[in-house]
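Colleague: As you go down the protein sequences, you meet chains F and B in turn.
If you count the first sequence from 1, you need to add 91 to reach the numbering used here.
If you count the second sequence from 1, you need to add 9 to reach the numbering used here.
You may find that some hints are simply not true.
Here are the computed lysine to any residue pairs in the SDA-like style, where the Cα-Cα straight-line distance is at most 20 Å [what the hints assert, rightly or not]:
| hint | chain 1 | residue 1 | chain 2 | residue 2 |
| --- | --- | --- | --- | --- |
| 1 | B | 114 | B | 80 |
| 2 | B | 191 | F | 128 |
| 3 | B | 191 | F | 121 |
| 4 | B | 191 | F | 119 |
| 5 | B | 191 | F | 117 |
| 6 | B | 191 | F | 125 |
| 7 | B | 191 | F | 126 |
None of these hints come from the bench; they were simulated from the model.
Since the model is a prediction, treat every value here as computed from it, not as a measurement.
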Amino acid sequence: MSERSVRIASAVLASLGVAITTYLLYVRETGGSLVCSTGGCETVQNSSYAEVLGLPVAALGLTGFLVLLAAALARGDWARLTNAAVAVSAFIFGAYLLVVQIVVIDAICQWCVATDVLTTALAALALVRLGQASSGRWMP
Amino acid sequence: MSALRDRRLQLAVVLGAAAALAAVLVGASLIGARENGSGPVPAAAAAPEPEPSLFAGIEQSGVALGSPTAPVTLVEYADVQCPYCAQWSRDALPTLVDEYVRAGKLRIVFHGLAFIGPDSNTALRTAVAAGRENHLWDVVHGLFLNQGSENAGWVTDTLVQEIAGGVPGLEPDQLLAARWDKTIDPELERSAAAAKAAGVQGTPAFQVGPTGGRLERVQVVSLDPEGIVPAIEAALAR
Numbered sequence: 092m093s094e095r096s097v098r099i100a101s102a103v104l105a106s107l108g109v110a111i112t113t114y115l116l117y118v119r120e121t122g123g124s125l126v127c128s129t130g131g132c133e134t135v136q137n138s139s140y141a142e143v144l145g146l147p148v149a150a151l152g153l154t155g156f157l158v159l160l161a162a163a164l165a166r167g168d169w170a171r172l173t174n175a176a177v178a179v180s181a182f183i184f185g186a187y188l189l190v191v192q193i194v195v196i197d198a199i200c201q202w203c204v205a206t207d208v209l210t211t212a213l214a215a216l217a218l219v220r221l222g223q224a225s226s227g228r229w230m231p
Numbered sequence: 010m011s012a013l014r015d016r017r018l019q020l021a022v023v024l025g026a027a028a029a030l031a032a033v034l035v036g037a038s039l040i041g042a043r044e045n046g047s048g049p050v051p052a053a054a055a056a057p058e059p060e061p062s063l064f065a066g067i068e069q070s071g072v073a074l075g076s077p078t079a080p081v082t083l084v085e086y087a088d089v090q091c092p093y094c095a096q097w098s099r100d101a102l103p104t105l106v107d108e109y110v111r112a113g114k115l116r117i118v119f120h121g122l123a124f125i126g127p128d129s130n131t132a133l134r135t136a137v138a139a140g141r142e143n144h145l146w147d148v149v150h151g152l153f154l155n156q157g158s159e160n161a162g163w164v165t166d167t168l169v170q171e172i173a174g175g176v177p178g179l180e181p182d183q184l185l186a187a188r189w190d191k192t193i194d195p196e197l198e199r200s201a202a203a204a205k206a207a208g209v210q211g212t213p214a215f216q217v218g219p220t221g222g223r224l225e226r227v228q229v230v231s232l233d234p235e236g237i238v239p240a241i242e243a244a245l246a247r
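So here's chain B without its partners, still in its complex pose (with noise of 0.2 Å):
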């Protein structure tokens, strides 16, 4: 009987024990996730009111936007860590989509780096996966407008999420898990020996020329739109 008695004290103390300890865990696991944001999220705050996309109606093909057939060709290197890619983002790029791309004049290819940083590399990732649906742009564009500090841990799921729930065609959760596979690096590498054979050794960089022609390098004076017209024109001219 008293072994018996022994045998049972010993379960409950190590049972209570672990109990206690797996709550403490489990409580701080919670907490944590609650106060990074990402945690299971009401769905009033997931659904956000959608805004007119800049890019709605216009072909995206991988990292391209435009028509495949447009004459001129614009190609950008930016890191969405970088904020005067995020300026450019904001400031000019609007303009050449309204007045250049949507009319069917120019083609503007995106060449993305990752040289700032951690954020840099999943924000890249994240933007090539949503180039394999077809909405590299959105999620570009969309990265850039919500720019944090630099390697602050800004490119979080919870950010991800909303850019991409706002996408019809992307499936948030998983662009999440498609950003991390393997078949991404060739793509990425590709465009770092684009960057490099074009001589790009800060963003933003740009390449304008005929589409399917050679281009050649741009060196703008300013990040709203008159920094890059008069190349682009230039390119139609001829």
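One chain only, chain F, in its complex shape (with noise of 0.2 Å):
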């Protein structure tokens, strides 16, 4: 897979990332209801777990897939070495928020695996693409 694969296919990815934090925002800040087929969407987004520092998760997870998208886009060491950073550390929240879905609130939120299917991924791409710089397969 080149590079330039690696990095169109983050970008798809950040940006199907980007839609549904926006959603997820979107329909909290206006009150509205989530289109949710598992039925636990609003009481993880109603949960005291929805919130990290007094943002919502939603708006972190936005402005992490953001960072992901502009880190796809662009080229060099520190977009390599930032998508990768962000992309696992995003994984790990992800799979602590995940974790917490299933054990402490007992509900499951359709989004939310979503977007852990999509930082799994990005952070796959991310290790690969560094990889691919590291030996010399990737000329900016």
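Fit the two chains together into the complex; they arrive one by one in their own frames, and the hints show the way.
Modeller: This is how it looks when you write it as structure tokens:
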């Protein structure tokens, strides 16, 4: 998989993440109801775990996906390193939130699971991209 | 060898930064959850000593309390965030339950409204979801007794879990999930339509009449039992 392909795939996935988190944030701020086939989205969104440092988790997610999108579009070592660091931390934080949903809140939010899938794929792609650059297969 | 060292160094830097960032986020999340009081609750704190229920032994069916064959029906229109509704629930309802509902003379129907704000909606959906398990009155009364400041976020998961936890037959976590079911929306719309048809412009508002017959609006002059009992007695006397 070429560096270019990895970056394009990352940009597509990050854009999906931006769309999902924007939707979650919009519903939260307007007080609407989430489209939810798992039945637990509102419970998760209204739980005390839906905020970190006073900010909605959806806002943190949106920020993270925007950074990942920018890092996917940019070239250079800083873009690769930032991409990998943010993607891996998002993957870890997403895994933590998934455990919280299952163990503490006892409700599953399909949108959170969707972003977990995205961050998992983005983290994998970011590490692939990091390895490609280090092994000299990518030419800026 | 140099390329290999660089690669390992880069990987170590990235993983270190990622772990540090994730640790900050997880730590902040755990602290925030604990401060908001909805985090993992110790078992002892989650199981307060149960108090005898006001409605123990009385039939509940959906939004109705009492025997379906009771001669008189009282309809209450209320917003769970409305302080006067809470006062009526505290001061008048127990007398009505003990003297009329328990005696099979009165059936009370709850039509919830949610015009005060977001907490009204959360509370009402919770109540309607409990109504599907025939425990609406337990939950509505519990919410009234624990009513907080308007739209301060007082209808917390923890509060709902505590109220539902004290009601035999209600599963708190299932209730938390069920209240956001889309199929609850039509029930809320029915109550809103009933209030509109009855000309309700503020809460609490009441209608009294023969069960299955024509109900009439009652203007209560006080929020204690004396404010509503005369209308109930008059309907029983007809």
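Colleague: Within a Cα-Cα threshold of 20 Å, do residue 114/B and residue 80/B meet the stated pairing?
Modeller: With Cα atoms ~6 Å apart, residue 114/B and residue 80/B stay inside 20 Å; holds.
Colleague: Under the criterion that the straight-line Cα-Cα distance not exceed 20 Å, is the pair residue 191/B, residue 117/F satisfied?
Modeller: 19 Å, holds
Colleague: Tell me if the straight-line CA distance from residue 191/B to residue 119/F falls inside 20 Å.
Modeller: Between residue 191/B and residue 119/F the Cα gap is close to 17 Å, so the pair holds against 20 Å.
Colleague: Checking one constraint from the list: CA of residue 191/B to CA of residue 121/F, max 20 Å. Satisfied?
Modeller: 17 Å, holds
Colleague: Given the hint that residue 191/B pairs with residue 126/F, test it: the Cα-Cα distance must not exceed 20 Å.
Modeller: Judged against 20 Å, a Cα distance of about 9 Å means the pair holds.
Colleague: For a C-alpha distance cap of 20 Å, please report whether residue 191/B and residue 128/F respect it.
Modeller: 10 Å, holds
Colleague: Are residue 191/B and residue 125/F close enough, with their CA atoms no more than 20 Å apart?
Modeller: Holds: residue 191/B and residue 125/F sit about 10 Å apart, inside 20 Å.
No hint from the list above goes unmet by this structure.
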